[in-house]
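**Student:** Below are the chains, spelled out letter by letter.
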Amino acid sequence: MMAAGLRALWAAGHWLRLGPRAPFIAGFSSRGTAGARTEPGPSLTRTRQQDGIRNIILSNPQKRNALSLAMLRSLQSDILHEAESQELKVIVISAEGPVFSSGHDLKELTEEQGPGYHTEVFQTCAEVMMLIQRLSVPVIAMVNGLATAAGCQLVASCDIAVASDTSSFATPGVNVGLFCSTPGVALGRAVPRKVALEMLFTGEPISAQEALRHGLLSRVVPAAQLEEETLRVARKIASLSRPVLALGKAAFFRQLPQDLSTAYHLASQTMVDNLALPDGQEGIQAFLQKRKPSWCRPAALAEE
Amino acid sequence: MMAAGLRALWAAGHWLRLGPRAPFIAGFSSRGTAGARTEPGPSLTRTRQQDGIRNIILSNPQKRNALSLAMLRSLQSDILHEAESQELKVIVISAEGPVFSSGHDLKELTEEQGPGYHTEVFQTCAEVMMLIQRLSVPVIAMVNGLATAAGCQLVASCDIAVASDTSSFATPGVNVGLFCSTPGVALGRAVPRKVALEMLFTGEPISAQEALRHGLLSRVVPAAQLEEETLRVARKIASLSRPVLALGKAAFFRQLPQDLSTAYHLASQTMVDNLALPDGQEGIQAFLQKRKPSWCRPAALAEE
Amino acid sequence: MMAAGLRALWAAGHWLRLGPRAPFIAGFSSRGTAGARTEPGPSLTRTRQQDGIRNIILSNPQKRNALSLAMLRSLQSDILHEAESQELKVIVISAEGPVFSSGHDLKELTEEQGPGYHTEVFQTCAEVMMLIQRLSVPVIAMVNGLATAAGCQLVASCDIAVASDTSSFATPGVNVGLFCSTPGVALGRAVPRKVALEMLFTGEPISAQEALRHGLLSRVVPAAQLEEETLRVARKIASLSRPVLALGKAAFFRQLPQDLSTAYHLASQTMVDNLALPDGQEGIQAFLQKRKPSWCRPAALAEE
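Chains as they are written, first to last, in the working numbering: chain V, 1 to 304; chain S, 1 to 304; chain C, 1 to 304.
Everything labelled a hint here was simulated from the structure, so no lab data went into it.
Computed from a predicted model, the values in this text were never measured in an experiment.
Incorrect hints may have been included.
One side only, chain V facing chain S, incomplete, derived with CB under 8 Å [claimed, not checked]:
| hint | residue |
| --- | --- |
| 1 | K107 |
| 2 | F122 |
| 3 | A126 |
| 4 | F179 |
| 5 | V185 |
| 6 | G188 |
| 7 | L200 |
| 8 | H214 |
| 9 | P257 |
| 10 | L260 |
| 11 | S261 |
| 12 | Q269 |
| 13 | D273 |
| 14 | W295 |
Think of the CB as a built atom: it goes at the ideal place given N, C-alpha and C, for glycine as much as any other residue.
Let the hints inform the model, and build the full structure from the sequences given.
**Tutor:** Structure (structure tokens):
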């Protein structure tokens, strides 16, 4: 449904309308070539980038967008692709079909695959989740449907998450004898402990509204407005100074686990560093002169 | 009301219907014999266990289920009783009468009792609260009424908490000149800081809905549905693999205070260990073969 | 509006009615004399203290109550003024005009001022925020209007925050090229991570209801009831034992970042120490004797 909607938007030239300054960057795709066991195959993700917004779409709806090792590598590669380019301002991760992602591919977790392979799967998954946090641009999850297990972990790991009001979220590993311990890392840092534990112990889903109430989501909208609302947030971010956001994002995660005094020491230094950035002074000057700021690398969407 | 309801359920043979495989375990009771000052007396708690679900009922409604030293030891003993038995899958802590628990017995906190005794009271209380977290099975609080001070702490310390919509929660120690510092340990880890501080500084109660909104509860239902809803959650947990839940619960609390990288390292290893459990592979195989899993130690309620 | 309301209350002698035991303490004002660059000027804050309640009012509505260095020092001085006096039981920070505070004064953050001055601004700001937490009495933010950037940080840093339902909160620094990194320290500890990051990355405001839902506020009321409701909370706190609250507040913040076992060790010791306070035993005795406690230093409002 969402994917169809996206295709319609693209067909209408809405989202991908070429801006005057941001050259169209063709979709690139990854096949997870890093793994010895991974055969080349059809791409599991699709990407488009326009006006600073990179959309990465999980595109294996037949397999409920399972986060197989190949899918994880495809996602990782799509995130890392020219990640430090000034053209990239924000990433939106969405999915094709009614399931955002059902989590790990259980066929990869059988006894035959062995603990070495299992370890590779979980480590790669953890790397992708931590990459989202380490990345210099904000990452938004746009969820329309069911997100379970590592799929729920992916939502919890994004910086911002917008979901349709019919979406739901679960960590149902206990039903197949596999406690969602790695999803619990992200979930336990996103929602209150009692919410996380009931989800982990019972495997039962929570609604989008419950997920919003408890901090797993930033925003819930009717399905029909999901893309528009997500795009609105992404465009806003894309209109801002990339170096300023990169500095701020890194500082936020660095200070968060510190004691208050250390946190303020780090953050105060970040503020001073931020003011020393060209965009820092440009922003202040523009404000004092009551004009729009003109960032070092102007955002294509700044005029909208 | 709740206790009457429970008795009615039992009389009707509903809850305690004997399953074919889980032998009835008679209620056992504790009198807190460990303390030198504690006189043997009528049991302060009642317990029943059936189909993997142990119900521990605070049963001193005349004293508003005060967490006296004897009550704490009775509760501790009931939790620890054959806690590693494979027959035990989940614990539900509830209470008789309109007050879930009013917290410490202030008669035990007078100057006459002296600081040594005070220390014993608070240390025992802290042991019980930490025991709930360390226990290998999930612990659910089923609250119908008022939970204050250490009673509120008990709710906050359980893994899951289901409450009737007429329940309320407070840390009113300031009214008697005793700031709820130990309840604040559990409360401060369950709800946002501003909610915890307003409760601690003013002593005023919050409603069940507020407690749900802020993470102190997992679920709120009308009083008439409290037992059914709690039992539904407990039965779901009892139908799952005990070793899998034990592994997952321990890992969740171990990773939670760690930095993200360490947390993922621990949790990834837990996932690999989980897959090496017999129930881990049984669950995966059952899923791939589209059949119900048959855990090593089948749960009595799996058929329901 | 609020300020007008406050003046009306004062004119009517309502709030500042002299109690029999608490002598009227004249408003004092600060001009931030510590800074070499700060010129003496009209006071940026106003204060009144009565019946144990100190009201500090940001009083520079023409400048949207910007937290300039002078304003920060004025606020700091007003907080510290005889802060250990037994007459002071609780502080309420409010503001004159439709903007609670717009955060730092951007004129102080220009390149001309230089990094040394910038550092002084952010360090002073951090000192004030940490002072609120270290202070021995509770600090309440009473918000009627817009609180942005360091103004939002101030709300997040108070122990309790009551706001009118038309208030809103934002960290819009990204719009002027200055990521709200120091406000993020307080915000990131008050609300879920996804809420904080969306606010920080987009700069968009959240409503009072959203702020309440996510833990930034303790309480939201219609604007017409804001002062009454805040005063009710403040009076309740002022009626309690100052030493008990001071002990409890310090212990709460000391135990919060600790692991559970250390936290309980600290808090249990605090409980024993609390019981050894004269007011600790007075409270317990009063409760057991079914009478009102009479704290060592009776609160003027205890009769209300």
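**Student:** Looking at the structure, which of the earlier hints fail to hold?
**Tutor:** As far as the earlier hints go, 10, 11, 12, 13, 14 are violated by this structure, in ascending order.
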